[in-house]
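*Asks:* Protein chains in written order, with UniProt numbering: chain A, 1 to 435; chain B, 1 to 435.
Quick caveat, the hints were computed from the structure, so don't treat them as lab data.
Certain hints may be false.
Unchecked claim - In silico DSS-like links for lysine-lysine, alpha-carbon gap of 27 Å or less:
hint, chain 1, residue 1, chain 2, residue 2
1, A, Lys396, B, Lys396
2, B, Lys370, B, Lys347
3, A, Lys29, B, Lys197
4, B, Lys120, B, Lys201
5, B, Lys75, B, Lys31
6, A, Lys91, B, Lys153
7, A, Lys11, B, Lys153
8, A, Lys130, A, Lys86
2 protein chains.
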Amino acid sequence: MESNYNNSFPKVVIIGAGFGGIELATDLKNKEVDVLLIDKHNYHTFQPLMYQVATGRLEADSIAFSIRKNFEGQKNLRFRIAEVQKINPYKNNIETSIGVIDYDYLVIATGSTTNFFGNKEIEQHALPMKSIPEALNLRSAILQNLEASLLLKTPEEREPYLTFVLVGAGPTGAELAGSLAEIRNNILGKDYPELHKEEMKVYLVDFLPKVLANMSEQASKKAQEFLEEMNVEVLTGVKVEAYDGEVISFEGGRKIKTKNVIWSAGVQGVVPDGLPKEQIAKGNRISTDEINRVIGFNNIFAIGDVSSFVNDKYPKGLPGVAPVAIQQGKHLAKNILHLVKSEPTEKFEYNDQGSMATIGRNKAVVDLGKIKFQGFFAWLVWMFIHLILLMGFRNKVVVFINWLGSYISRNGGQRLIIRPFYKEDLKVANPGPKL
Amino acid sequence: MESNYNNSFPKVVIIGAGFGGIELATDLKNKEVDVLLIDKHNYHTFQPLMYQVATGRLEADSIAFSIRKNFEGQKNLRFRIAEVQKINPYKNNIETSIGVIDYDYLVIATGSTTNFFGNKEIEQHALPMKSIPEALNLRSAILQNLEASLLLKTPEEREPYLTFVLVGAGPTGAELAGSLAEIRNNILGKDYPELHKEEMKVYLVDFLPKVLANMSEQASKKAQEFLEEMNVEVLTGVKVEAYDGEVISFEGGRKIKTKNVIWSAGVQGVVPDGLPKEQIAKGNRISTDEINRVIGFNNIFAIGDVSSFVNDKYPKGLPGVAPVAIQQGKHLAKNILHLVKSEPTEKFEYNDQGSMATIGRNKAVVDLGKIKFQGFFAWLVWMFIHLILLMGFRNKVVVFINWLGSYISRNGGQRLIIRPFYKEDLKVANPGPKL
Numbered sequence: 001m002e003s004n005y006n007n008s009f010p011k012v013v014i015i016g017a018g019f020g021g022i023e024l025a026t027d028l029k030n031k032e033v034d035v036l037l038i039d040k041h042n043y044h045t046f047q048p049l050m051y052q053v054a055t056g057r058l059e060a061d062s063i064a065f066s067i068r069k070n071f072e073g074q075k076n077l078r079f080r081i082a083e084v085q086k087i088n089p090y091k092n093n094i095e096t097s098i099g100v101i102d103y104d105y106l107v108i109a110t111g112s113t114t115n116f117f118g119n120k121e122i123e124q125h126a127l128p129m130k131s132i133p134e135a136l137n138l139r140s141a142i143l144q145n146l147e148a149s150l151l152l153k154t155p156e157e158r159e160p161y162l163t164f165v166l167v168g169a170g171p172t173g174a175e176l177a178g179s180l181a182e183i184r185n186n187i188l189g190k191d192y193p194e195l196h197k198e199e200m201k202v203y204l205v206d207f208l209p210k211v212l213a214n215m216s217e218q219a220s221k222k223a224q225e226f227l228e229e230m231n232v233e234v235l236t237g238v239k240v241e242a243y244d245g246e247v248i249s250f251e252g253g254r255k256i257k258t259k260n261v262i263w264s265a266g267v268q269g270v271v272p273d274g275l276p277k278e279q280i281a282k283g284n285r286i287s288t289d290e291i292n293r294v295i296g297f298n299n300i301f302a303i304g305d306v307s308s309f310v311n312d313k314y315p316k317g318l319p320g321v322a323p324v325a326i327q328q329g330k331h332l333a334k335n336i337l338h339l340v341k342s343e344p345t346e347k348f349e350y351n352d353q354g355s356m357a358t359i360g361r362n363k364a365v366v367d368l369g370k371i372k373f374q375g376f377f378a379w380l381v382w383m384f385i386h387l388i389l390l391m392g393f394r395n396k397v398v399v400f401i402n403w404l405g406s407y408i409s410r411n412g413g414q415r416l417i418i419r420p421f422y423k424e425d426l427k428v429a430n431p432g433p434k435l
Numbered sequence: 001m002e003s004n005y006n007n008s009f010p011k012v013v014i015i016g017a018g019f020g021g022i023e024l025a026t027d028l029k030n031k032e033v034d035v036l037l038i039d040k041h042n043y044h045t046f047q048p049l050m051y052q053v054a055t056g057r058l059e060a061d062s063i064a065f066s067i068r069k070n071f072e073g074q075k076n077l078r079f080r081i082a083e084v085q086k087i088n089p090y091k092n093n094i095e096t097s098i099g100v101i102d103y104d105y106l107v108i109a110t111g112s113t114t115n116f117f118g119n120k121e122i123e124q125h126a127l128p129m130k131s132i133p134e135a136l137n138l139r140s141a142i143l144q145n146l147e148a149s150l151l152l153k154t155p156e157e158r159e160p161y162l163t164f165v166l167v168g169a170g171p172t173g174a175e176l177a178g179s180l181a182e183i184r185n186n187i188l189g190k191d192y193p194e195l196h197k198e199e200m201k202v203y204l205v206d207f208l209p210k211v212l213a214n215m216s217e218q219a220s221k222k223a224q225e226f227l228e229e230m231n232v233e234v235l236t237g238v239k240v241e242a243y244d245g246e247v248i249s250f251e252g253g254r255k256i257k258t259k260n261v262i263w264s265a266g267v268q269g270v271v272p273d274g275l276p277k278e279q280i281a282k283g284n285r286i287s288t289d290e291i292n293r294v295i296g297f298n299n300i301f302a303i304g305d306v307s308s309f310v311n312d313k314y315p316k317g318l319p320g321v322a323p324v325a326i327q328q329g330k331h332l333a334k335n336i337l338h339l340v341k342s343e344p345t346e347k348f349e350y351n352d353q354g355s356m357a358t359i360g361r362n363k364a365v366v367d368l369g370k371i372k373f374q375g376f377f378a379w380l381v382w383m384f385i386h387l388i389l390l391m392g393f394r395n396k397v398v399v400f401i402n403w404l405g406s407y408i409s410r411n412g413g414q415r416l417i418i419r420p421f422y423k424e425d426l427k428v429a430n431p432g433p434k435l
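Can you build the whole structure from these sequences, using the hints too?
*Replies:* In structure tokens:
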């Protein structure tokens, strides 16, 4: 196949155009390396606002950033749509859907995907939300179930279609629960005047004893308060045993009839084949050292959600959040250039600036080290931080206007069913037209 | 099933939420009728800008308007997502995917779909562009073929992937050709610096001897001039014989190797089963009288592209354009109310305010009766008229900003491949990941 490289600089192949891959590629601009960036999509997915797309509050193109557009003018970078099938670490190449690609340095930045913890039945029936197509499917499923409920005569028949159970009360689940609650409280009456708000129920469930367990006590308590004010029923310390598409069962016997189980209870790394099993840590993450190098190799690196760097400060590895991936990407750019020039490398140290989650239109919780706050001001900070994240991309102005519009309008988003969602055992009463 | 009606007013059932159906439903607001609006999608498709979505210059949600949002607050209207399977004109009901629905007055406003003139092979291999999913598939196919060409070594191998043949030089084809030419001239160099502009070819083909044959000589000539200035090769008086996914063949022997044939050479009405065959006219359109009533029936009407009202002034029926559908919708609202009150009805007369088509960023052709003009001013008029069309919808401000942004920016649109496009015999070299 056509050579992907046009000069004699060292070849850096980056797998994955998430926050980590994009930051790294950007920081290698105009340096004496040749960069090949690979992703299975031709766009970067801005994950923090995915839950808004899934609930129809924001359109998909507001969180999908064209990779080619983003790197326009960066002469030492090429982009290819490809899926990596296998890494051959001892041959310095990778096998992909577009052929075999050689590398001098390989960076695995493939991110994470939903973890169903081995439960095949739940995987078959529950809905994940880690990619734009998944978010759009989820949006279609939600809207189709609301439409389907209109065709049923009794509250008992409607109940499973109007009941939403979110498993996993981390930031993703909490944000999704808040957004669904907003649909229930603000939008249902406008779009579906024939339905009664009281019939729609939103549950947020977690195995752990509190919501947002990775944040402070204060944030945790306040988030639960906000959710309950919005009529979300929060069930903590509850373990999901099974879900067959009709009824979700919890340990201890409780059951809820629902057609809508959304799973955000865990993630696992996306690891291509070819690395030794000893380097794959818990959660399917790749073990790396303090310069993000895959243990046992000289020229293979891993950053972001897929990587796991364990030390005393972070015995479970770093959290799978955007700032970690971005800082690692920036740092690795420096280290790759050191290695290319045979200079000493610098250890990576994560600068933890805190964490946050948004619960509703004006409600968020923020932990900034010792400073913790919640409510409207926290929400402003949350918005501000995400706008800064947005600065790294080219079409920020348009996206900012879209975000602003959707936030200001109580009725943001079109809630379109562009492609009906079909899931074999999660049939809606009215399947809609085949396209 | 649940009764869809909540009072004793006459029941008007409207099939189709296109320009005609929406105008009619809007003009029956707060009148003494009960309106049930049915569509297979939960959004209205703003057709005039479909070609921009297909070429990735505008996002889908900018031309899809949520029906529920649009009719929020209209108390005498209900909306249901449904496909009509059959009309039972002698029983005053329709069979749909959500059950049997009774009516007092039925209005068929189902619009038109692509006409392949019975050629099954062309239908299988060519790409249509009459709905948003079709436009998005087309967008994916175009982008995937550009990506695929990057993996091929010689110009001969790349040629079919970079050659685009548009069949049908009416407004749709001409606008699409102009947009593809803009990608070639302005965007290819930015997104795909490894491709040579000269390798991408755009052809516009028509059986008739001129482009925009339904417009004036002046408009026709100028449109062809604009297209040729943009390096579109215009082939008129040419009949397509076959297309097998690899080579398109014309009567007389000429062939072009291409993986991209886009078909906008004809439309036909979308007619549900159940009407007598004698009422179906040429092009699968329903024959109506001067009050848009289906001939032979008292309480069934047809408006817009699916209808055909023939008289001396319009021996072939009215053109299938938005202003016709909108005027008919408005007029039919008046006539239905007359009928309900046993008053005399008014004949429909189309007020032809002219026609237009846009060819490029600043180039359009406009015929306003005796006044004909082309170029930049024509394009401003084209924009203005479409903005007026937009006024009938609720989310006009956001959409206007999106349109403005895309027009001002030479690089509007994200050109995302959200879902890879698969067509059995139109395989791309790099099929991309399955989702």
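*Asks:* Is Lys75 (chain B) close enough to Lys31 (chain B), meaning Cα to Cα at most 27 Å?
*Replies:* It holds: about 10 Å lies between the C-alpha atoms, which stays within 27 Å.
*Asks:* Given the hinted pair Lys370 (chain B) and Lys347 (chain B), is their Cα-Cα distance within 27 Å?
*Replies:* holds (26 Å)
*Asks:* Just to be careful, I want the Cα atoms of Lys120 (chain B) and Lys201 (chain B) compared with a cutoff of 27 Å; is the pair within it?
*Replies:* holds (26 Å)
*Asks:* Could you grab the alpha-carbon distance between Lys29 (chain A) and Lys197 (chain B) and see if it respects the 27 Å cut-off?
*Replies:* holds (25 Å)
*Asks:* Next pair to validate is Lys91 (chain A) with Lys153 (chain B); report whether the Cα-Cα distance is within 27 Å.
*Replies:* Within the cut-off at roughly 25 Å; holds.
*Asks:* Run the distance test for Lys396 (chain A) versus Lys396 (chain B): straight-line Cα separation, threshold 27 Å.
*Replies:* Roughly 22 Å between the alpha carbons, so the hint for Lys396 (chain A) and Lys396 (chain B) holds.
*Asks:* Lys11 (chain A) and Lys153 (chain B) were given as a pair; does the straight-line alpha-carbon distance stay at or below 27 Å?
*Replies:* holds (21 Å)
*Asks:* Please verify whether Lys130 (chain A) and Lys86 (chain A) have alpha carbons no more than 27 Å apart.
*Replies:* holds (23 Å)
The structure shown violates none of the earlier numbered hints.
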